[in-house]
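Letter by letter, the chains look like this.
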Amino acid sequence: MDTQTTNFPLPSEVRAAPGTEQTELYPYFTRFGPEDDGRFWFYNGMHFPEPIPAFDAITAEAPYMSLGAYNTRVFAVPTVLGIDHRIVNGRVYIIAVPVTDPAEIDRRLAVFQERAGYYFTNWDRLYAQWNGKIQALLGDIAAIEVPALPEFDDARVVTAGEGIAQNFYLIERFHTCVEAMLKMWQYHFEFLVLGYGAYLTFFDFCKKAFPEISVQTMARMVAGVDTLMMRPDDELKKLAVLAVEQGVDGAFVRGRSAADILSDLGSRNGSARLWLEAFAKAREPWFNISTGDGFYHHHRAWNDDLSLPFSAMVDYVADVRAGKSLARPTERLKDERERIAAEYRALLPSDDERAVFDQMLGLCHLVFPYVEDHKFYCENWIATAFFNKVREFGALLARHGFFADTEDVFQLHHTEVSLALSDLALAWASGSPPRGPGHWPAIVAERKRVLAVYADWAPPPALGPVPENISDPLLLMLWGITSEQLQAWSEPPGTGNTLRGFGASPGIVEGVAHVVRSVDEISTIREGEILVCPVTAPSWAPIFGKIKAAVSDIGGAMSHAAIVAREYGLPAVVGTGHATKRIVTGQRLRVDGTSGVVTILD
Amino acid sequence: MGGHIVWFDAVAIGDRPQVGGKGASLGELCRAGIEVPPGFIVTTDAFRDFVDREGTRREREALEAAAIPETVASAVTRAYEALCDEADGEASAGARDLPVAVRSSATSEDAADASFAGLQDTYLWVRGSADVLAALRRCWASLYSEPAVAYRERLALQDDGVAMGVVIQRMVNPRAAGVMFTRSPQSGDPSVVAICASYGLGSAVVGGEVTPDEFVVNKVTGLVQKTTISDKALRHVPSDDGSGTREEPVPEELRSQPALGADEVRALTEIGRRIEKHYGCAQDIEWAVDAGGRIFVLQSRPETVWSARDRATAATPKAKSFDHVLSFFGNKRE
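Same order as they appear, the protein sequences are chains V and X.
Residue 364 in the numbering used here is what sits at position 364 of the first sequence, and the numbering runs on without skipping anything.
Residue 65 in the numbering used here is what sits at position 65 of the second sequence, and the numbering runs on without skipping anything.
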């Protein structure tokens with residue numbers, strides 16, 4: 001690709017959004033420096049579609065700390081080290097650090113073969129162990145108790161001769177909380193690169209044997225049908241069926257809030273009680289799924305915000321009454337997956353190639369449960385539990401006047417929260433008032449203002465000189481980026497009436513667009529509309545039952561949205577780059593999920 | 001099998017020495033349940049009766065002037081008239097001037113290893129037994145055309161060893177026609193069927209006189225992966241006098257419309273898969289669809305280009321499944 005033909009700005013050419021020049025929200029190591037102009041940066045809009053509040057920068061810091069450690073230091077992935085990230089105007093830009101010296105690659109390969117080989121050989125045992133570690137971590141987070149800082153400390157400090165006062169625990173427990181988040185991200189990447197490696201190897205083989213095969217078709221051969229991420233939505237369907245069976249479906253009125261529905265049911269007895277028991281059971285653990293993807297503090301778990309699951313249940317109850325079957329056709333999906341794989345296998349020209357196909361696909365099926373299921377524990381359950389625990393520290397700081405509202409704690413970077421807690425611990429100790437109430441409120445107000453300005457900034461899809469070709473298979477897989485895609489993105493967003501992305505789920509439909517920029521807006525989606533969004537989160541599955549098609553700015557054919565869209569048989573085009581900027585709510589669209597083309601018809 | 005003519009349904013692929021490659025293939029298709037325009041083959045025995053007579057030189061001009069032996073001429077005429085009678089009610093009743101295609105079917109043509117495509121003559125839209133016999137003779141003579149002789153020399157094929165059958169089959173008046181490969185002609189991908197289609201007779205597509213529409217269909221998922229609709233400026237149609245063909249512009253409003261509907265694309269793909277399955281190897285198929293949407297296969301032969309390259313790309317299994325991943329990550333891709 002010729003660098004002359006693209007028009008991405010250099011990092012140094014990106015100006016602070018007007019009126020935000022004097023404000024810095026993020027740590028010094030996330031700022032672009034002059035040396036960054038020579039490198040090529042992707043906007044990670046898949047994980048960070050909105051400007052990130054200062055605290056939420058931890059969801060860039062922690063994963064890149066871990067992903068990089070596994071690649072660079074633990075497994076010694078031969079051709080790629082970790083990821084550098086920078087934040088500008090609230091948006092995260094990333095670059096993978098390649099290894100290009102063949103001798104260095106070989107040296108790393110020797111280590112990689114031994115270590116990655118060990119993990120693959122012992123996959124099942126290590127994965128079982130992983131599940132244990134995750135359960136323990138969940139327990140650790142739940143056990144963190146935020147000290148109340150009473151006037152006189154607990155008598156136990158004296159009677160047990162503990163010798164440690166509450167202000168120590170304040171500091172220690174917040175650190176424990178942050179460490180839990182860092183640890184979760186360590187576990188998150190323990191198997192992930194190897195898991196994706198199995199996919200990439202299989203995909204590479206398929207591409208050679210079937211040069212015109214789509215990623216979508218390869219993904220269909222790999223994807224599992226019963227994954228944890230499908231369970232929460234399945235649970236809602238079961239609860240809807242139960243509501244009708246028990247004759248309490250009358251409570252599920254469209255437009256009614258979750259609280260109203262629950263209090264209606266609570267006022268009844270008999271079968272309503274039965275439903276409420278089933279509901280309570282389903283909540284743990286399945287309502288620990290996030291309404292987002294766990295990268296922002298405002299991605300709440302269903303347990304914290306029942307509006308999404310209840311509005312979905314209202315629709316499901318209506319479906320059950322209308323005699324529609326809600327069950328996912330898992331047997332059919334499984335049969336279809338096996339048929340596709342068997343037919344491709346049969347098309348291979350030799351027994352050797354069929355044996356290779358079996359080996360590679362077999363390995364994909366070995367790693368698939370981890371690759372899909374880790375999301376439920378990591379980004380959903382643990383991430384939402386972590387943010388909730390931080391809220392408890394925030395509530396304490398708010399009580400002591402550091403800021404007005406519990407949620408304001410997320411305007412501070414986690415190291416600043418540490419500072420504020422030290423301030424409070426000192427003040428509790430000295431008996432003087434803390435300094436924070438005179439310091440933080442103005443900063444919090446300014447940062448909220450700045451975030452609002454950032455939200456209107458249109459981030460370029462990439463910055464810096466485009467390299468000859470993007471060869472890092474991990475980036476290609478995770479972000480669905482190719483040289484062609486970059487070329488397409490570098491075109492100004494205002495031209496023509498078509499957008500090109502990845503056909504993630506086949507079929508062609510026409511309908512009315514509904515642009516959704518953040519998870520908070522998803523309940524505004526109406527039956528039969530076409531969802532247009534920056535990126536879809538796994539827990540949006542319930543709205544896939546309502547929409548006609550899905551279009552996203554970011555994402556690849558293995559993204560969860562693509563998997564869900566295929567299950568619902570909805571056309572989906574992901575990774576269009578500009579859809580949320582080019583399309584406005586109300587426009588008529590044609591979505592071709594086979595070829596990956598979205599046409600604006602108005 | 002003996003005699004001068006043989007009907008399609010009595011022919012199988014093994015009958016190539018008697019009926020030539022194209023004839024054998026049509027017979028085989030017929031037996032596999034694929035719809036081909038009905039017809040018969042003038043056998044290589046008839047050809048030999050013609051060329052081996054005392055004093056006949058094996059040269060194109062000489063053969064074009066030679067008389068067809070009476071026994072052959074009458075067998076062909078009888079078969080042609082039977083074809084006319086069979087079509088009564090559909091064509092002009094009792095007139096015995098059913099338009100037919102007269103196509104060369106050399107014994108070395110269409111073999112998997114030597115694609116002779118286009119080196120022997122084909123006459124379309126031939127009417128009446130006299131014209132059929134004339135076209136038959138020209139086909140026979142075309143085996144000795146300069147390019148055909150030169151081609152055989154290049155492949156070191158003996159002139160004496162080749163013989164020619166001639167296919168005589170009912171003409172289809174196609175709304176659209178074209179070719180279909182049961183693997184991608186561009187990439188060799190065996191999981192797709194590529195269909196090239198344009199209006200009128202397939203000769204405009206085969207002869208490269210029009211850029212056809214292209215439909216790439218996934219054999220496994222049935223999805224149309226790629227559709228390229230071209231501006232199809234001209235088409236070949238039967239001549240106004242009902243004999244031979246002519247070229248005409250495609251009406252403006254049709255030029256940029258798809259030459260095939262979605263159902264036709266689907267049906268063709270299915271036919272392609274059946275033929276490929278029947279032969280056990282990738283095929284290069286000529287087809288036509290008439291005004292009523294009925295699809296006929298005119299010809300099928302093994303795909304030669306990519307099938308020859310397959311052997312070079314073989315991958316080998318490894319001791320452990322994950323060894324593939326280790327090599328892949330080490331940039332040691334096969």
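Read the hints as simulated data drawn from the structure, not as lab findings.
Be aware that one or more of the hints could be misleading.
Stated by the list, open to error - Calculated cross-link-like contacts (lysine-lysine; reagent style PhoX-like; alpha-carbon spacing at most 25 Å): (1) X/K277 <-> V/K281; (2) X/K320 <-> V/K546; (3) V/K334 <-> V/K238; (4) V/K546 <-> X/K318; (5) V/K281 <-> X/K318; (6) V/K324 <-> V/K334; (7) V/K581 <-> X/K318; (8) X/K277 <-> V/K207; (9) V/K548 <-> V/K334; (10) V/K334 <-> V/K546; (11) V/K207 <-> V/K183; (12) V/K448 <-> V/K281; (13) V/K324 <-> V/K546; (14) V/K238 <-> V/K183; (15) V/K548 <-> X/K277; (16) X/K320 <-> V/K581; (17) V/K208 <-> V/K133; (18) V/K207 <-> V/K334; (19) V/K238 <-> V/K581; (20) X/K277 <-> X/K226; (21) V/K548 <-> V/K581; (22) X/K226 <-> V/K208.
Since we're looking at a predicted model, the values are computed, not measured.
Hint numbers contradicted by this structure: Result: hints 1, 2, 4, 5, 7, 11, 12, 14, 15, 16, 17, 19 break, sorted rising.
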